[in-house]
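Engineer: Protein chains in written order, with my numbering: chain U, 286 to 442; chain E, 98 to 510.
If you are wondering where the hints come from, they were derived from the structure by calculation, not from laboratory data. All values derive from a computational prediction rather than experimental measurement. Glycine is no exception: its CB is placed at the ideal position from the N, C-alpha and C atoms.
Have a look at the derived ranges for each label pair, beta carbon to beta carbon:
(1) E:Gly250 x U:Lys385: 58 to 64 angstroms
(2) E:Asp113 x U:Arg358: 29 to 35 angstroms
(3) U:Ala303 x E:Pro289: 20 to 26 angstroms
(4) U:Lys385 x E:Gly320: 52 to 58 angstroms
(5) E:Ala461 x U:Ala303: 45 to 51 angstroms
(6) U:Thr319 x E:Leu121: 40 to 46 angstroms
(7) U:Lys385 x E:Ala146: 56 to 62 angstroms
(8) E:Tyr123 x U:Glu392: 45 to 51 angstroms
(9) E:Lys450 x U:Gly391: 16 to 22 angstroms
(10) U:Val356 x E:Glu364: 43 to 49 angstroms
(11) U:Lys332 x E:Ala404: 53 to 59 angstroms
(12) U:Ser346 x E:Ser394: 45 to 51 angstroms
Residues from chain U shown here face chain E by an in silico Cβ test under 7 angstroms; the list is partial:
(13) Ser306
(14) Leu367
(15) Leu371
(16) Ala408
(17) Asp420
The chain contents come next:
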Amino acid sequence: MDTQNISGSNEGAVVDPAKRSMLLAALYVAQEQTGYLTGDAVHQVAKRLGLTDSEVYSTASFYTLFRMKPVGRHVIQVCEGLSCYLNDGAERVVEYVGAKLGIRPGETTSDGMFTLETVQCLASCGTAPAMRVNDRLYENLSPASIDDILERLMGEV
Amino acid sequence: MAQHQPVLLANVNRPDSEKIATYLRYGGYDALRKALKMPPETIIAEVKASGLRGRGGAGFPTGVKWDFMPKDAPVKYLAVNTDEGEPGTFKDRLIVERDPHSILEGVIISAYAIGAHRAFVYIRGEFFLGVKRWIKAISDAYQHGFLGRDILGSGFDLDVSVHRGAGAYICGEETAMLESLEGKRGVPRAKPPYPAQKGMWNKPTLVQNVETLANIPHIILRGAKWHSDIGTEKSKGLKIFCVSGHVNRPGNYELPLGTRLKEIIYEHAGGVRMGRGIKAIIPGGASTPIISAEMVSTPMAFETLQAAGTALGTGAVIVMDETTDMVEVVRRITRFFVHESCGNCLPCRVGGKRMLEHLEKLAAGTGSKQDIEDLEYLAGGIRGRTFCPMGTGMVEPVLSALRLFRDEFVKRV
Ligand SMILES: Cc1cc2nc3c(=O)[nH]c(=O)nc-3n(C[C@H](O)[C@H](O)[C@H](O)COP(=O)(O)O)c2cc1C
Ligand code: SF4
Ligand code: FES
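Model the full structure from these sequences, guided by the hints.
Structural biologist: This is the structure in structure tokens:
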């Protein structure tokens, strides 16, 4: 992930003067290496921004994209929203992906490769069903396209 | 109704549409050049006269909001709402990914008009491509002298930065967004004071939706009258309608406000799949009341939808055919809102959970008549009694479905 840019240090963009407002950006950076927020990472962020650990925990836990537990290398987030459901997606996609990987939502494969999650509307309702894998969005899903996506990820070293 | 060439979506299908070179080739930043020669008051008057209303859901008149910004405050901010998460809505993501400069040009003109020298772009954490596109657009605009010090020799300064949300629908609500921008939990603030009085770091802040901002350059270039000539009496201009569900050609359609639902569904979105009839339509995103097929002639405008007992919301039309299970639809929407409740106030946090329990039972066929009554009682009690508008948004689908499709609920017990 291109966190250098996201944290605001790209050319031109201004680094925010108020430290606290950098908290979400800092948490993204802290989460990048391990995929979740370790106690040590939270502590480091708190120290840098002049906050207490519990202030950082309290804020981080509000946001679903910050994780307090380890996740697999690839996080698959299947949309369970209304338009995906109306397009034969949602649970059907969850079941299809889950059967292929042998896990249910909230679980990680034993080799640590995949975590399966369900999420709310991904703003892809016009190209439903949709899911996100890591930082990429996949639209107009079909069994064949899901097979392709998973095979490619499994083949990655 | 007159045919309209796309304006807001004119660029999105061009190759390399997101690049500044493409944007400039088709007249990009001409509006900024023109605006910087106009006095700020004239721009505000022009936007007021255009009749533009916010496209983020509430439909507040944009020029009026600009006028609310105190003229004498030394520090003011502009916050750009790119948090699009209302189920059924997928227009802002399209503009950000394919035509970010059209928003940015609107941002610079708006900031100039209200006298802000700092703008914050808040973008939904899931929109990874959108984040990249925003950052690239801003960097390129700096290089071309459209941002930074003394923009195009006008003496006007503006800096813009990008801030990623992290998965919380409520952060689209403007005061929750300000909290999140300040690095806190996204819990809504009490209003008043409104953001125009006390916003980011307690400074006057203008919060504006992406689609609203993308309209600004066109109003500057073509004039207020061009805009106010399109649409209905109270709903002016072009609107991007997001059509999804059981239609043949789901997608974003840019049409004049006041276009009839049936024209959007049957002419633009290609009609209902397999030639089926329509059972229900959500006209403005998941938090707007559901309507039945009889309402298909309603013009899509703020006032006409309100008169029909629903709302234009974000213009997200979800079409459900005659085979749709309405109990399941309502369960699914309610589950969304319960999941996204910030937990700050009791009616939304606890009431929502209890509504969902009744809906789960009804959907599973294990419910009783009492569950229907309790559900209706809870929804009626939550409505209007929550800290922010989300609580009311949560009960609208429930109450409208119970009114229109009660027999489907009764059949389940
Ligand atoms: C629960 C809730 C969620 C909202 N989500 C969004 C959103 O994702 N994007 C948006 O632009 N406005 C959203 N709004 C509306 C904003 O509070 C605000 O009215 C809007 O950003 C103002 O911009 P506009 O006048 O240009 O529409 C939401 C409102 C509520 C109550
Ligand atoms: S209505 Fe819901 S989202 Fe709004 S403040 Fe109350 S708990 Fe939070
Ligand atoms: S409902 Fe799945 S992307 Fe909107």
